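Enquirer: Could you build all of it, start to finish, from the sequences and the hints given here?
Given next are the chains, with one letter for each unit.
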Amino acid sequence: MGDTLETLKSDLFAAPFCEGLEDTHLEVLLACAHEERMPKGRFLFHEGAAADYFYIIVSGRVGLELNCPNRGGLSIQTCDAGDVVGSSWLIPPCIWRFDARVLEECRLVSMDAAVLREHCKADPTFGYAMVERIAQVKAERLDAARLQLLDLYGNPEEGRHVARTRID
Amino acid sequence: MSPEPGSINLTDRIRGGVDPMVPRIYNVERIRRNNHDTFTMELNPADGGNPEPFSAGQFNMLYIFGVGEIPVSISGDPVQDGPLMHTIREVGTVTRAMARLKPGDSIGVRGPFGSHWPVELAVGTDVVIVAGGIGLAPLRPVIYQVTGNRSRYGRMVLLYGARAPKEILYQRQLKAWGGSFDMDVHVTVDRGERGWNGEIGVVTGLIRRAPLDRSGAIALICGPEIMMRFSAQELLRRGMDKDRIYVSMERNMKCGVGLCGHCQYGAKIICKDGPVYRYDDIESLLGRREV
Numbered sequence: 001m002g003d004t005l006e007t008l009k010s011d012l013f014a015a016p017f018c019e020g021l022e023d024t025h026l027e028v029l030l031a032c033a034h035e036e037r038m039p040k041g042r043f044l045f046h047e048g049a050a051a052d053y054f055y056i057i058v059s060g061r062v063g064l065e066l067n068c069p070n071r072g073g074l075s076i077q078t079c080d081a082g083d084v085v086g087s088s089w090l091i092p093p094c095i096w097r098f099d100a101r102v103l104e105e106c107r108l109v110s111m112d113a114a115v116l117r118e119h120c121k122a123d124p125t126f127g128y129a130m131v132e133r134i135a136q137v138k139a140e141r142l143d144a145a146r147l148q149l150l151d152l153y154g155n156p157e158e159g160r161h162v163a164r165t166r167i168d
Numbered sequence: 001m002s003p004e005p006g007s008i009n010l011t012d013r014i015r016g017g018v019d020p021m022v023p024r025i026y027n028v029e030r031i032r033r034n035n036h037d038t039f040t041m042e043l044n045p046a047d048g049g050n051p052e053p054f055s056a057g058q059f060n061m062l063y064i065f066g067v068g069e070i071p072v073s074i075s076g077d078p079v080q081d082g083p084l085m086h087t088i089r090e091v092g093t094v095t096r097a098m099a100r101l102k103p104g105d106s107i108g109v110r111g112p113f114g115s116h117w118p119v120e121l122a123v124g125t126d127v128v129i130v131a132g133g134i135g136l137a138p139l140r141p142v143i144y145q146v147t148g149n150r151s152r153y154g155r156m157v158l159l160y161g162a163r164a165p166k167e168i169l170y171q172r173q174l175k176a177w178g179g180s181f182d183m184d185v186h187v188t189v190d191r192g193e194r195g196w197n198g199e200i201g202v203v204t205g206l207i208r209r210a211p212l213d214r215s216g217a218i219a220l221i222c223g224p225e226i227m228m229r230f231s232a233q234e235l236l237r238r239g240m241d242k243d244r245i246y247v248s249m250e251r252n253m254k255c256g257v258g259l260c261g262h263c264q265y266g267a268k269i270i271c272k273d274g275p276v277y278r279y280d281d282i283e284s285l286l287g288r289r290e291v
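Those protein sequence lines, which keep their order, are chains H and C. The first sequence begins at 1 in full-length UniProt numbering and counts up one residue at a time. The second sequence begins at 1 in full-length UniProt numbering and counts up one residue at a time.
Please keep in mind that the hints were generated in silico from the structure rather than gathered at the bench. Predicted model, so just to flag it, every value in this text is computed and none were measured. Among the hints, a few may not be true.
Chain C stretches covered by chain H per the calculated footprint, using a threshold of three residues with CB under 8 angstroms from any CB of chain H [what the hints assert, rightly or not]:
#1 84 to 95
#2 155 to 166
#3 186 to 193
#4 198 to 204
#5 226 to 232
20 angstroms max Cα-Cα, derived DMTMM-like pairs, lysine to aspartate or glutamate [unchecked claim]:
#6 C:Lys166 <-> H:Asp151
#7 H:Lys40 <-> C:Glu193
#8 H:Lys9 <-> H:Asp112
#9 C:Lys268 <-> C:Glu225
#10 C:Lys175 <-> H:Glu104
Simulated restraints, written as ranges between beta carbons of each label pair [claimed, not checked]:
#11 H:Cys94 <-> C:Arg194: 26 to 36 angstroms
#12 C:Glu29 <-> H:Ala135: 51 to 61 angstroms
#13 H:Ala139 <-> C:Arg194: 24 to 34 angstroms
Glycine residues also receive a C-beta, built at the ideal position from the N, C-alpha and C atoms.
Expert: Set out below in structure tokens:
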């Protein structure tokens, strides 16, 4: 049991999400954390469900997907070791905006977001630290989405004549 | 940037009687399709001699007679003997004409021109290569050079972003480099497809997670200008120094020797001073609308 707690502690505290947090805040996070393993193909959450938890990936890969009629789940982003999966837990109405599916077997630190929200309300300093970190996650994803929208690697000639020959 | 040992200096070539404005005739040896709109052309001199030696990062002016001339980076191995290699994307009249060439057809080649990647500066340190789309082609000579003399360098990290899985360049080589145990290869795509289990996201996301010795590492970036700007900023956030980051700029090069001014970029002439620049040499120009 002791080893498990130590592993959880070291996995959680090593995550970029925890970088720069005060010791008391780290203890709050640790009290809301537990470790999980998820096999490939398992969904961590589904769009529209209550965002009462979130994850920090220790190892493995998770895909964020939007389900599209007739096209299935469309992957829009992947998250890897060190990444936070789920940022809707702090932003009302606290509902997941995407599906999250395990693409490679994962070891995760699962966080009880419902309890963390209560801590945020009770301790504004802790609340601000959480908002700062989730804002960082959102900002990185917004930057990435903007770059993806620019289609930087697209061929300006696309749609016009392009030779189609065997690819080797 | 001072030339590397063995690097090719234009002035030396002019002194040696080579007129940089006169193309040398090469024959197409082979054309390989890399993906639906990109191909690699292998060329050998029609006179039976050896191709001009070059340094990683330099470019040639390729001339399709009766159609036009364009600058294209060299994508082959600068150390090994072999045909001259150019990886080209079909984006205009000249490149479309090149795609229709057949083995034995002739093409005019001027060059090599321009500055080169500072591979010698990387000896003993980590090398981080950040490439986007066709930007992997001008960096492939660096990979050949480093892997060909692997023990001289520290950790080698290749971070590559492509538009979609089917547009990933040099797929077989990427798999081979990634499986070679002495090179970290991370590939991401902007848009996933069914069956793709790799990463989806922008190349800057790879930089955040890349294993690198930021104190000594050297970073070489090539791709669309916006991608290079964001990548350099992310490397700086990771603690890298500006003078250890290099980028390769692209403008409409014409003469190749700094005479015509077609490729002027602020006070710089890219065909002569570039295309490879140290980041802090051009940082103030990047993102400026007037240049």
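Enquirer: Has the given pair, Lys175 of chain C with Glu104 of chain H, been kept, meaning a C-alpha gap of at most 20 angstroms?
Expert: holds, 18 angstroms
Enquirer: Evaluate the given range 26 to 36 angstroms for the C-beta pair formed by Cys94 of chain H and Arg194 of chain C.
Expert: holds, 31 angstroms
Enquirer: Note whether the CB distance of Ala139 of chain H and Arg194 of chain C lies within 24 to 34 angstroms or breaks it.
Expert: Hint holds: Cβ distance 30 angstroms, inside 24 to 34 angstroms.
Enquirer: Just to be careful, I want the Cα atoms of Lys9 of chain H and Asp112 of chain H compared with a cutoff of 20 angstroms; is the pair within it?
Expert: Status holds; Cα separation ~15 angstroms.
Enquirer: Tell me if chain H covers the stretch 155 to 166 of chain C under the three-residue, 8 angstroms CB rule, please?
Expert: holds (count 3)
Enquirer: Would the hint linking Lys40 of chain H and Glu193 of chain C be met if the CA-CA limit is 20 angstroms?
Expert: Holds, at roughly 18 angstroms.
Enquirer: Within the assertion that chain H covers the stretch 198 to 204 of chain C, do at least three residues meet a Cβ-to-Cβ distance smaller than 8 angstroms?
Expert: As far as the stretch 198 to 204 of chain C goes, the hint holds, because 6 residues have Cβ atoms under 8 angstroms from chain H.
Enquirer: Compare the distance between the alpha carbons of Lys268 of chain C and Glu225 of chain C with 20 angstroms, and conclude whether the hinted pair is satisfied.
Expert: Holds. Lys268 of chain C to Glu225 of chain C sits at ~16 angstroms (cutoff 20 angstroms).
Enquirer: Taking 8 angstroms as the C-beta cutoff, is the stated coverage of the stretch 226 to 232 of chain C by chain H satisfied by three or more residues?
Expert: Holds: 3 residues of the stretch 226 to 232 of chain C have a Cβ under 8 angstroms from chain H.
Enquirer: Under a C-beta cut-off of less than 8 angstroms, do 3 or more residues of the stretch 186 to 193 of chain C approach chain H closely enough to confirm the stated coverage?
Expert: holds (count 4)
Enquirer: Tell me if the straight-line CA distance from Lys166 of chain C to Asp151 of chain H falls inside 20 angstroms.
Expert: With Cα atoms ~15 angstroms apart, Lys166 of chain C and Asp151 of chain H stay inside 20 angstroms; holds.
Enquirer: Within 51 to 61 angstroms: is that where the Cβ-Cβ distance between Glu29 of chain C and Ala135 of chain H falls?
Expert: With a Cβ separation near 55 angstroms, Glu29 of chain C and Ala135 of chain H satisfy 51 to 61 angstroms, so the hint holds.
Against the hints set out earlier in the document, no violation occurs for any number.
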